[in-house]
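Enquirer: So you can see what is in the structure, the chains are spelled out below.
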Amino acid sequence: MGNKSSLMLQEQDIRDIQSETGFLPSQIERLYSRFTSLDKGDNGTLSREDFLRIPELAINPLGDRIVHAFFKESEDDHVNFRQFVRVLAHFRPIKRTQDNKLNAREEKLRFAFKMYDLDDDERISREELLAVLHMMVGENISDDQLNSIAERTILEADKDGDQMISFEEFCCALERTDVEQKMSIKFLK
Amino acid sequence: MVVYGRGRAWVCGGLALWVLAGSWCVALATRETATALDSNGSVALHGDGDDGGNNKTCPDETDHHGGGVRLASLRWREVGVYYTITAFVIIAGLAKLLFHHMHWVSSKVPESCVLVILGVALGLLVYFTAHKTTPTDSCHYHVPLPHFTSDKFFFVLLPPIVLESAYSLHDRAFFDNLGTVLVFALVGTIFNIFTIGPTLYGLNALGAMGNISFTFSEGLVFSSLISAVDPVAVLAIFQELGVNKDLYFLVFGESLLNDGVTVVVYNTMQSFMAQEGAVGAEQYALAVAAVAVVVFGGALIGVVFGFITAFITKYTTDVRVVEPLALLALSYLSYLTAELFHFSGIISLIVCGLIQAHYAFQNISQKSYTCVKYFTKMASATSDTVIFMFLGMVLVSDEHLWHTGFVLWTLALCIIFRFIGVFVLTGIMNHYRVKKVGLEEQFIAAYGGLRGAVSFSLVNMLDESMGPRRIFVTTTLVVILFTIFIQGTTIKPLVSLLQIQRASHGRKHLGEEINNTTMDHIMAGVEEILGQHGDFYLRELLVHYNDKYLRKWFLRPTVDSKLKRLFEKIAISEHYAHLYGPVAMIEERVKPLCHTKMPSKRVRSDSFSMSHQDELLLQPRMNMEGEMFEDIESKSATGSDIELRQHHPGPLLPLRQSKVGSIDLQRQDSATTQTQDANVLRKALRNNPYNKTSRMAEAERTERQVLRKALIHSSRSARRTRYRVGVGCVARLHYKYNRNLVGEEDQELEEHLERRRLNARRMTRLASSTRLPPSSAGFTNAGGRRNTMLESHDLTFGAAELVERHNVRRRTMSARPRVGSVLSSHQASALHRPIISCFSSPDPTDSTPASPAILMALQEASDPLSSLPDIRPWGPGSGPPKDQASTPGTTESSLLGHESPPSGFTSIPESQTQEILLSPGSELSGTRDGEEGEMVPLVEQPQSEKGSPSSPEALKGMIV
Numbered sequence: 001m002g003n004k005s006s007l008m009l010q011e012q013d014i015r016d017i018q019s020e021t022g023f024l025p026s027q028i029e030r031l032y033s034r035f036t037s038l039d040k041g042d043n044g045t046l047s048r049e050d051f052l053r054i055p056e057l058a059i060n061p062l063g064d065r066i067v068h069a070f071f072k073e074s075e076d077d078h079v080n081f082r083q084f085v086r087v088l089a090h091f092r093p094i095k096r097t098q099d100n101k102l103n104a105r106e107e108k109l110r111f112a113f114k115m116y117d118l119d120d121d122e123r124i125s126r127e128e129l130l131a132v133l134h135m136m137v138g139e140n141i142s143d144d145q146l147n148s149i150a151e152r153t154i155l156e157a158d159k160d161g162d163q164m165i166s167f168e169e170f171c172c173a174l175e176r177t178d179v180e181q182k183m184s185i186k187f188l189k
Numbered sequence: 001m002v003v004y005g006r007g008r009a010w011v012c013g014g015l016a017l018w019v020l021a022g023s024w025c026v027a028l029a030t031r032e033t034a035t036a037l038d039s040n041g042s043v044a045l046h047g048d049g050d051d052g053g054n055n056k057t058c059p060d061e062t063d064h065h066g067g068g069v070r071l072a073s074l075r076w077r078e079v080g081v082y083y084t085i086t087a088f089v090i091i092a093g094l095a096k097l098l099f100h101h102m103h104w105v106s107s108k109v110p111e112s113c114v115l116v117i118l119g120v121a122l123g124l125l126v127y128f129t130a131h132k133t134t135p136t137d138s139c140h141y142h143v144p145l146p147h148f149t150s151d152k153f154f155f156v157l158l159p160p161i162v163l164e165s166a167y168s169l170h171d172r173a174f175f176d177n178l179g180t181v182l183v184f185a186l187v188g189t190i191f192n193i194f195t196i197g198p199t200l201y202g203l204n205a206l207g208a209m210g211n212i213s214f215t216f217s218e219g220l221v222f223s224s225l226i227s228a229v230d231p232v233a234v235l236a237i238f239q240e241l242g243v244n245k246d247l248y249f250l251v252f253g254e255s256l257l258n259d260g261v262t263v264v265v266y267n268t269m270q271s272f273m274a275q276e277g278a279v280g281a282e283q284y285a286l287a288v289a290a291v292a293v294v295v296f297g298g299a300l301i302g303v304v305f306g307f308i309t310a311f312i313t314k315y316t317t318d319v320r321v322v323e324p325l326a327l328l329a330l331s332y333l334s335y336l337t338a339e340l341f342h343f344s345g346i347i348s349l350i351v352c353g354l355i356q357a358h359y360a361f362q363n364i365s366q367k368s369y370t371c372v373k374y375f376t377k378m379a380s381a382t383s384d385t386v387i388f389m390f391l392g393m394v395l396v397s398d399e400h401l402w403h404t405g406f407v408l409w410t411l412a413l414c415i416i417f418r419f420i421g422v423f424v425l426t427g428i429m430n431h432y433r434v435k436k437v438g439l440e441e442q443f444i445a446a447y448g449g450l451r452g453a454v455s456f457s458l459v460n461m462l463d464e465s466m467g468p469r470r471i472f473v474t475t476t477l478v479v480i481l482f483t484i485f486i487q488g489t490t491i492k493p494l495v496s497l498l499q500i501q502r503a504s505h506g507r508k509h510l511g512e513e514i515n516n517t518t519m520d521h522i523m524a525g526v527e528e529i530l531g532q533h534g535d536f537y538l539r540e541l542l543v544h545y546n547d548k549y550l551r552k553w554f555l556r557p558t559v560d561s562k563l564k565r566l567f568e569k570i571a572i573s574e575h576y577a578h579l580y581g582p583v584a585m586i587e588e589r590v591k592p593l594c595h596t597k598m599p600s601k602r603v604r605s606d607s608f609s610m611s612h613q614d615e616l617l618l619q620p621r622m623n624m625e626g627e628m629f630e631d632i633e634s635k636s637a638t639g640s641d642i643e644l645r646q647h648h649p650g651p652l653l654p655l656r657q658s659k660v661g662s663i664d665l666q667r668q669d670s671a672t673t674q675t676q677d678a679n680v681l682r683k684a685l686r687n688n689p690y691n692k693t694s695r696m697a698e699a700e701r702t703e704r705q706v707l708r709k710a711l712i713h714s715s716r717s718a719r720r721t722r723y724r725v726g727v728g729c730v731a732r733l734h735y736k737y738n739r740n741l742v743g744e745e746d747q748e749l750e751e752h753l754e755r756r757r758l759n760a761r762r763m764t765r766l767a768s769s770t771r772l773p774p775s776s777a778g779f780t781n782a783g784g785r786r787n788t789m790l791e792s793h794d795l796t797f798g799a800a801e802l803v804e805r806h807n808v809r810r811r812t813m814s815a816r817p818r819v820g821s822v823l824s825s826h827q828a829s830a831l832h833r834p835i836i837s838c839f840s841s842p843d844p845t846d847s848t849p850a851s852p853a854i855l856m857a858l859q860e861a862s863d864p865l866s867s868l869p870d871i872r873p874w875g876p877g878s879g880p881p882k883d884q885a886s887t888p889g890t891t892e893s894s895l896l897g898h899e900s901p902p903s904g905f906t907s908i909p910e911s912q913t914q915e916i917l918l919s920p921g922s923e924l925s926g927t928r929d930g931e932e933g934e935m936v937p938l939v940e941q942p943q944s945e946k947g948s949p950s951s952p953e954a955l956k957g958m959i960v
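Sequences listed follow chains A and B, in order.
First residue of the first sequence? That's 1 in the UniProt record's numbering, and the numbers climb one at a time after it.
First residue of the second sequence? That's 1 in the UniProt record's numbering, and the numbers climb one at a time after it.
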């Protein structure tokens with residue numbers, strides 16, 4: 001349960017998280033301290049408000065979507081540390097030697113896919129794409145053009161003719177993109 | 001046609017010799033007839049001021065002009081300077097031309113080496129003809145050949161090169177690697193300077209070199225100039241290499257940005273040398289501060305001038321002519337200003353160029369952009385040619401002083417410390433990088449640390465009184481030559497040997513562009529949540545403030561966003577595809593049959609790929625890496641549609657189509673029986689996975705490999721027999737990464753058109769192949785869907801997209817009356833006799849009898865061909881009848897049974913297009929691509945512009 005994660009990080013927890021996510025213990029501790037500093041209510045979980053309080057997220061057009069992605073697994077709109085770390089683990093750089101599911105290319109792509117998939121139906125419709133485009137570049141392009149661009153993008157990626165982009169189609173469209181590099185960051189120790 | 005290629009090479013060579021000899025004769029003639037005439041003999045390349053001063057020292061000059069009327073006379077004194085300069089530059093240009101026509105040389109040796117050799121030849125010529133007179137004697141004539149001076153180098157020759165490279169630095173990959181580049185440039189250079197110098201001094205003190213004496217400071221001065229990795233040399237070699245962007249920017253960026261450090265350390269060491277002995281700690285501290293001042297001062301000036309340019313170009317809508325001037329002059333001014341204050345001019349120019357590329361390029365018109373791009377490219381190409389020739393020329397001199405020990409030790413230390421520096425620094429930087437620099441890449445980065453004209457200019461500036469100056473000069477030259485010749489020629493094989501990832505060229509898709517933005521935002525968001533302010537966060541911040549303020553201040557309100565420009569580019573290229581595609585298809589079918597000079601069976605046998613031959617032959621000349629794959633994709637698509645058509649025989653319009661397809665098939669069959677290549681192909685086709693409902697990806701891959709192999713093979717044999725210059729396999733790479741192509745993409749008109757044509761054909765074929773029996777007869781929604789599913793599941797990205805496009809179009813159009821399904825009386829009547837005769841007398845090797853059905857299809861197909869506006873420089877150009885303004889539309893619909901395309905792009909009335917062409921603001925509404933200059937409206941081809949959708953409505957119409 002969400003509330004169970006204790007305020008102190010136990011050795012055992014660290015080991016579990018390490019084996020699950022591949023983070024180093026020092027990285028986990030660092031993440032934990034960030035987690036607690038975000039956790040204004042001191043209840044061991046983060047609510048949406050906790051995330052949105054981060055000032056820099058305000059200028060990020062996808063801020064809301066990114067925050068939302070953290071709540072994918074939680075039922076009660078609270079994220080415990082385990083879930084928090086698991087989401088972040090998607091962005092670990094891929095190493096050849098390590099075989100970790102969480103930071104695989106597909107997971108990274110899925111995270112990006114979720115940004116567009118507003119209604120969680122595993123498909124990106126034209127309206128969804130248009131909405132996301134509005135968030136990102138809305139000011140610079142007129143609605144008509146944005147509309148055409150969205151339509152055109154769907155056409156590019158759509159293979160089965162349902163006017164939607166499924167996750168498989170999404171992956172295909174990004175075949176040439178260096179997602180492994182672009183969606184990885186160096187986690188501080 | 002190797003002979004032809006050689007012939008051209010000789011013509012170029014002859015021209016070069018002629019210019020050379022011509023200017024030389026004039027020079028010598030003048031020397032004999034009017035010894036006292038010329039005093040400007042020693043003029044510097046661009047007529048420096050000090051030469052003007054020399055004029056007055058010659059008293060007899062004025063006498064000469066004081067004489068009576070002459071019928072003929074030489075104005076050598078006034079004209080000579082400019083004459084020799086121009087001749088010299090032209091020789092340089094011709095040398096370049098010659099080099100590029102000698103494929104057997106150009107594929108193996110870098111251009112810079114050839115130019116240096118040519119410089120040596122010129123130098124020898126000077127040495128043996130004009131060496132006798134001393135240059136100090138200004139009144140005596142000596143040959144006014146330009147010679148190398150440091151001023152000339154830094155104020156005339158270097159800026160264009162730096163500006164051009166600054167524009168090319170405006171690339172995401174450069175900014176992604178900026179941290180590492182800066183560390184290389186700053187720390188790496190300093191490391192080299194302070195290891196090479198003291199080591200040399202120590203070795204000398206230990207007596208490892210023999211009789212040479214220099215002080216510690218002198219050693220440091222020398223090491224500071226010899227450590228400068230040279231942008232010109234690096235650029236010359238690396239542009240030809242075509243390595244991946246990360247590696248390219250790593251080495252190239254370093255060579256550009258280390259300028260500040262080199263110059264500062266050089267100056268500081270010289271001042272230390274002046275006050276020998278007493279160098280206190282505070283002096284060193286000052287030196288460190290000086291580096292910061294020089295670098296940041298330069299950058300600041302660059303920023304200021306860059307934004308001034310952006311601001312000026314914001315208001316040039318009605319005065320387009322000043323746009324290139326503003327860009328070029330202001331960037332030069334920023335260089336000069338920085339140099340004025342002893343800041344780093346190079347850094348200032350780079351920063352200025354980057355800001356111009358980011359803002360001003362979006363403000364200026366497409367034509368101004370092309371102008372700037374061409375001018376900088378031309379100027380920088382000329383400059384670096386001249387620089388390398390100068391380097392060759394200075395080799396021929398009496399002043400050299402060879403010192404084996406010193407030369408060899410310097411060479412060894414330069415290489416050793418370069419390697420150590422690069423490996424250690426990348427080791428450290430890799431710790432912080434997400435994308436590591438591999439060991440092989442590190443090796444190339446170290447190996448690519450070429451020295452060049454910067455070092456030589458600096459060593460030339462050394463004080464004459466300095467003891468070991470001449471040894472330093474000679475040693476510097478040796479190091480430069482070693483790096484240019486030995487490392488320069490071996491780096492290409494090494495890159496292949498180490499399997500360094502090459503640069504990838506490819507068209508961007510909209511989806512990718514959108515996703516790049518998304519991913520940036522995501523990563524920035526993650527960093528924000530982590531409270532970790534890394535690269536992505538900084539980037540996000542920059543983008544945010546850029547959008548909020550800078551864009552408003554420095555960009556016109558009309559400037560389009562990147563995404564929109566990309567979208568328009570895609571839309572336009574598709575538009576052209578739909579205009580020209582049918583034409584291309586017609587040609588492709590008519591040509592091989594009409595071609596009377598199709599002699600060898602060999603060629604005939606390749607006829608499956610015949611239609612693709614020019615595509616494949618074009619291959620080396622195109623910069624598209626993915627083109628080969630796309631070809632194959634289109635081919636497999638063709639194969640698939642043959643298969644498919646057997647399952648779904650199209651009753652109505654596809655009648656014609658299936659005939660067209662069957663030609664393909666028959667030709668294939670007759671062809672495949674003959675050669676092995678074709679056998680492979682047939683095998684590949686027989687096993688074509690497209691006629692199976694389910695298909696493994698694995699199978700497809702092997703399939704493609706087989707196809708690819710066969711294609712490469714047949715294209716090779718075809719190349720042996722067919723046109724184009726003698727482009728050998730070796731020359732391929734050379735062409736692909738030819739750095740002398742402006743814009744590197746499709747700025748070249750012919751290539752542009754040809755590529756557009758290929759693209760068009762591919763798309764049209766795909767489109768036509770995926771057409772279904774239309775609504776009345778066989779078309780049921782379920783059937784259509786099934787077919788679509790099958791097709792689009794199998795086809796690759798591009799194909800699927802087209803399928804869908806056309807499905808959508810069909811759906812939207814099905815209600816309207818079909819235009820092209822019935823032969824118009826006009827077309828039926830205008831049968832083409834010559835072409836028919838071609839068909840009816842079948843090629844002896846072609847066993848296929850020309851069936852009436854095929855004939856009909858082809859007649860029909862060939863009809864619009866002749867009546868089309870002559871938009872195709874490649875095709876048989878018959879005069880375009882004026883009254884058929886809408887021919888492209890009819891062609892498309894009649895040939896392939898396309899429903900008439902949505903109004904907007906094919907049916908722009910003549911008068912309207914004329915208006916668009918004539919109106920001064922028309923260039924504004926055309927596409928503009930600030931980054932690569934693709935899709936330049938083809939001014940030289942008014943017909944092709946005629947169809948271009950210059951209005952937004954037209955654009956919109958295309959994307960139905």
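Please note that the accuracy of each hint is not assured.
[Unchecked claim] Just the calculated beta-carbon pair ranges, DEER-fashion:
#, chain 1, residue 1, chain 2, residue 2, range
1, A, E75, B, L497, 56 to 64 angstroms
2, B, A285, A, S37, 34 to 42 angstroms
3, B, L439, A, E127, 44 to 52 angstroms
[What the hints assert, rightly or not] Some chain A residues flagged as far from chain B (calculated, every beta-carbon gap over 10 angstroms):
#, residue
4, P25
5, E29
6, L38
7, E56
8, H78
9, Q83
10, D119
11, D121
12, E122
13, E127
14, A131
15, T153
16, E156
Calculated from the structure, these hints are not laboratory results.
Heads up, the beta-carbon is just placed ideally off N, CA and C, and yes, glycines get one too.
Enquirer: Would you mind marking each hint as holding or not holding in the structure?
Expert: Results of checking the hints against the structure:
1. A:E75 / B:L497: 56 to 64 angstroms: Holds, at about 57 angstroms.
2. B:A285 / A:S37: 34 to 42 angstroms: Between A285 (chain B) and S37 (chain A), where Cβ atoms are some 40 angstroms apart, the hint holds.
3. B:L439 / A:E127: 44 to 52 angstroms: holds (49 angstroms)
4. P25: Holds, since 17 angstroms exceeds 10 angstroms.
5. E29: holds (13 angstroms)
6. L38: Not fine: 8 angstroms to the nearest Cβ puts L38 (chain A) too close to chain B.
7. E56: Not fine: 4 angstroms to the nearest Cβ puts E56 (chain A) too close to chain B.
8. H78: Holds, because the least Cβ-Cβ distance between H78 (chain A) and chain B comes to about 16 angstroms, which exceeds 10 angstroms.
9. Q83: holds (13 angstroms)
10. D119: holds (17 angstroms)
11. D121: holds (19 angstroms)
12. E122: holds (17 angstroms)
13. E127: Correct as stated: the minimum Cβ-Cβ distance to chain B is 15 angstroms, above 10 angstroms.
14. A131: holds (13 angstroms)
15. T153: Incorrect as stated: the minimum Cβ-Cβ distance to chain B is 5 angstroms, not above 10 angstroms.
16. E156: E156 (chain A) is in fact no farther than 10 angstroms from some Cβ atom of chain B, at 5 angstroms.
Against the hints set out earlier in the document, violations occur for numbers 6, 7, 15 and 16.
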